[in-house]
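Spelled out from the first residue to the last, the chains are:
2 protein chains.
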Amino acid sequence: MTIRVGFLGAGTVGGSLLRRLVEQNDAIATKSGVELDVHRVAVRDVGKARDVALGDGVLTADPRDVVTDPDVDLVVEVMGGLDPAGDLVLAALQSGKPVVTANKALIAARGRELIEAAEAAGVSLLFEAAVGGGIPIIRPLSQSLAGEQITRVMGIVNGTTNFILTKMIEDGLPYHGVLAEAQELGYAEADPTADVSGADAAAKAAILASLAFGIWVGFDRVHHEGIDQLEQIDFEFAANLGYRPKLLAIAEQGPGGIAVRVHPALVPSEHPLASVRGATNAVFVEGPAIGELLFTGPGAGGDPTATAVLGDVLHAARELLAKTPAKAPIRFAPGTIVEFDDVATKWYLRLEVADRPGVLARIASTFGDHRVSIKSVWQEGRGDRATLLLVTHDALERDLRAARAALDGLEVVGQVAAVIRVQSDEP
Amino acid sequence: MTIRVGFLGAGTVGGSLLRRLVEQNDAIATKSGVELDVHRVAVRDVGKARDVALGDGVLTADPRDVVTDPDVDLVVEVMGGLDPAGDLVLAALQSGKPVVTANKALIAARGRELIEAAEAAGVSLLFEAAVGGGIPIIRPLSQSLAGEQITRVMGIVNGTTNFILTKMIEDGLPYHGVLAEAQELGYAEADPTADVSGADAAAKAAILASLAFGIWVGFDRVHHEGIDQLEQIDFEFAANLGYRPKLLAIAEQGPGGIAVRVHPALVPSEHPLASVRGATNAVFVEGPAIGELLFTGPGAGGDPTATAVLGDVLHAARELLAKTPAKAPIRFAPGTIVEFDDVATKWYLRLEVADRPGVLARIASTFGDHRVSIKSVWQEGRGDRATLLLVTHDALERDLRAARAALDGLEVVGQVAAVIRVQSDEP
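Line order of the protein sequences matches chains U and H. FYI, this note's numbering numbers position 108 of the first sequence as 465, with every residue one higher than the one before it. FYI, this note's numbering numbers position 137 of the second sequence as 494, with every residue one higher than the one before it.
Just chain U, same shape as in the assembly (with noise of 0.2 Å):
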């Protein structure tokens, strides 16, 4: 029997996804046992050229198309964005048609409604696709993994901030002309406002940590800093301290819940992140018993994600033909979501101060007063004004943030220059 599979979009991705069905069905078909046509794929603009041959009155302008088409079996929704792939998903699996979808934000704006309707009505919803591009990680997570206690997930979850990243530490390169290049070659788009804002990792790190600790924590609930404001001196200050920045994800367990956020981090020279180049993806999973776990890849990219997309599809294929109702991938149950402010982490601090006796203690006791202690500090230059750099013990968002403001109103600081989290497990 043939899975008839319904598009909702056909960009980088679908496109990818389009070829291989039709150019290599059988060779699917041959090791999966599973045949699939591709029956309706909805597009922005029906006119345009393509470089796959579908046949007549397969594409159409109007996604409602897919949803409702009774001959529709699996619908793949590719077309991104919260609106109208939201409602179009949730009436697919409402219909009782599975649903293959790479839309992180969907997933983590609506992940825990659709996931329940998708329950409700015994079908799959599938989207390994969403986060790690071509790495598999959400079936390990939610599948493998489901009887380990996990404590963390941490990773490079962006490929372009890391391309942007890659090139600025390794060609000494400021933001904007990079991100000007990487525009360029495609790694970032025209409005790269998603990826270097953090938003599109915070997606990610939403979806990821739903799934590792099985409680439900929506995009909203995940803070998330981009790399816009990083500056090119505090990559060498990094490089000679023995770290190099990174955009990371981190999804923890502690004492008083789990803390999701998103932001530019120095992580120690020597730590497997540090050496992620370009766009690849990078994601560590920790627990008690399985202890360190990496999965490395291409973390974006039409033909990895199609790859993933075309797993699940597959998957929910034979569920069909087996007719055997699907089961949500995971249970989400109440749980505390610690508040950004309680998250402590090491800081590295760039400021701009007189260069005359006493200073450094001024500074060090304004520390003190809000309880962030200090690790190590290193003075750059000398004369009227020097640059203090410092690397703090574990220290609250709140009490960083509170240190700082008195920091700014000393007469002795010219300017907190930098402020950059350090992700050290070191003590």
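Just so you know, the hints here were simulated from the structure itself, not pulled from any lab data. Among these hints, one or two may not hold up.
Which copy is meant is left open, because identical chains are indistinguishable; a pair holds if it fits in one copy or across any two.
[Unchecked claim] Derived SDA-like pairs: lysine to any residue, alpha-carbon spacing no greater than 25 Å straight-line:
#  : residue 1 : residue 2
1  : K732      : E709
2  : K684      : D383
3  : K680      : S452
4  : K732      : A631
5  : K732      : A743
6  : K684      : N382
7  : K684      : Q381
8  : K680      : A690
9  : K684      : G453
10 : K684      : A384
11 : K684      : K732
12 : K684      : G479
13 : K680      : M358
14 : K732      : G648
15 : K732      : D765
16 : K680      : D756
17 : K732      : E609
18 : K684      : M358
19 : K684      : R361
20 : K732      : D756
21 : K732      : V716
Since the structure of chain U is already known, use the hints to place chain H on it.
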């Protein structure tokens, strides 16, 4: 509803899993929605003291009790070995009980028969723990990557030998000394044959190849060589040439079919596999769409492996609760497995030769006579006898063997002292 689990074996992995099922049952049930009950446990010595509290009548010395007990819903096979494990697993499947096993030797030897028996009975046979310990690799390969035309799977899949090689490289110690230390530390068994001979890795290679290519590759089709013939001196020479020795499992798709083997190989120092240390495992998966994926983590040990078994147990338990007939993880199609003699690779050779004019010409022409092309050659030391180090271009196993025999017969060659394959994608 509770799923009653029967154990075949309660050694390192089984013991770790039993402890978790007894001590963390509530946490597991909350996260997974599945209640598990340890119903029967077959062990060799019922009277032995155990660090987990089991109810009266749970322990039995007869493993058939577990398989035939009508109250056992699901069987966990962690006794290892082919016999009687194979027939017990088959009997459990045939009586409609899903089976989760960590037994790589069994799956590599009888996997096809057991997978078919499971499918015929409509129950699952799951073996995530059979390869890579706690690293999720079976499910990603057979599900997430089901739509990828995988071209190569390559990695370090035996922790014991990687521990030994790491110690030999880093501490400059000879093989037998390190093996003794590994045995004392519990990293190697009293009889280390299965590990150091490459047989354990070959069973894992057979499983990985079968899932990656959808062609059944039995253990007996995997050529394997171990690390027990490697000499410290070649590690030093290799380091100077920019290589590190690793025991590699390699399964690749070539024009003539798939080739699967396990042997020591020199890998370039900058290759990610070169820096995999100690008992860690790492597996590369390559394909045209996904590029390269790398999975890294603890390849052995009771706790990580028990996590993998538990993930499978929860998966099978959910299927039981949903009363869904299970599907085979993969369909095997006919395919060609290349004879090992026809596999091509690069080679490192160390020759003891006479140090006089014309020797290199004789040696080079002998290689040439057997279609082996030399890429580079170094002479170490001078005097009556010199050491010649050679690295070849790709050459067939059969050709290299013939060349080696011819070299052994040359009057100017004292001995062919070492022959190690070189794994490098450079031309």
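Verification of the hints:
For the identical chains of this complex, K732 and E709 are intra-copy neighbours only, at 19 Å inside a copy versus 57 Å across copies, given an alpha-carbon limit of 25 Å. With identical chains, the CA atoms of K684 and D383 are at most 25 Å apart between copies only, with a shortest distance of 20 Å across copies and 29 Å within one. In the homo-oligomer, the alpha carbons of K680 and S452 lie at most 25 Å apart both inside one protomer (15 Å) and across protomers (22 Å), since each shortest distance falls under that limit. For a Cα distance limit of 25 Å, the shortest separation of K732 from A631 inside one copy, 22 Å, qualifies, whereas the shortest one across copies, 34 Å, does not.
With identical chains, the CA atoms of K732 and A743 are at most 25 Å apart within one copy only, with a shortest distance of 19 Å there and 56 Å across copies. Within a single copy, K684 and N382 get their C-alpha atoms only as close as 28 Å, which misses the 25 Å cut-off; across copies the closest is 21 Å, which meets it. Taking the shortest Cα distances, K684 and Q381 sit within 25 Å of each other only across copies (23 Å), while inside one copy they are farther apart (30 Å). In this assembly of identical chains, K680 and A690 lie within 25 Å of each other by CA distance solely across copies; the values are 24 Å between and 29 Å within a copy.
Proximity of K684 and G453 under a CA criterion of 25 Å is satisfied in both settings, with 13 Å inside one chain copy and 21 Å between copies. Taking the closest pair of Cα atoms, K684 and A384 come within 25 Å of each other only across two copies (20 Å); inside a single copy the shortest separation is 29 Å, beyond that limit. In this assembly of identical chains, K684 and K732 lie within 25 Å of each other by CA distance neither inside one copy nor across copies; the values are 50 Å within and 56 Å between. With identical chains, the CA atoms of K684 and G479 are at most 25 Å apart both within one copy (7 Å) and between copies (17 Å).
When the C-alpha separation of K680 and M358 is checked against a cutoff of 25 Å, the pair qualifies both within a copy, at 12 Å, and between copies, at 22 Å. When the C-alpha separation of K732 and G648 is checked against a cutoff of 25 Å, the pair qualifies neither within a copy, at 28 Å, nor between copies, at 42 Å. For the homomeric pair K732 and D765, the shortest alpha-carbon distance inside one copy (20 Å) is at most 25 Å, but the shortest distance between copies (63 Å) is not. Proximity of K680 to D756 under the C-alpha cut-off of 25 Å is found in neither arrangement, the shortest distances being 56 Å within a copy and 54 Å between copies.
For a Cα distance limit of 25 Å, the shortest separation of K732 from E609 inside one copy, 23 Å, qualifies, whereas the shortest one across copies, 50 Å, does not. Taking the shortest Cα distances, K684 and M358 sit within 25 Å of each other both inside one copy (23 Å) and across copies (16 Å). In the homo-oligomer, the alpha carbons of K684 and R361 lie at most 25 Å apart both inside one protomer (22 Å) and across protomers (20 Å), since each shortest distance falls under that limit. Taking identical chains as interchangeable, the C-alpha atoms of K732 and D756 lie at most 25 Å apart only when both belong to the same chain, with a minimum of 16 Å there against 62 Å between chains.
In the homo-oligomer, the alpha carbons of K732 and V716 lie at most 25 Å apart inside one protomer (17 Å), although the nearest pairing across protomers, at 63 Å, exceeds that limit.
Comparing the model with each earlier hint shows violations of hints 11, 14, 16; every other hint is respected.
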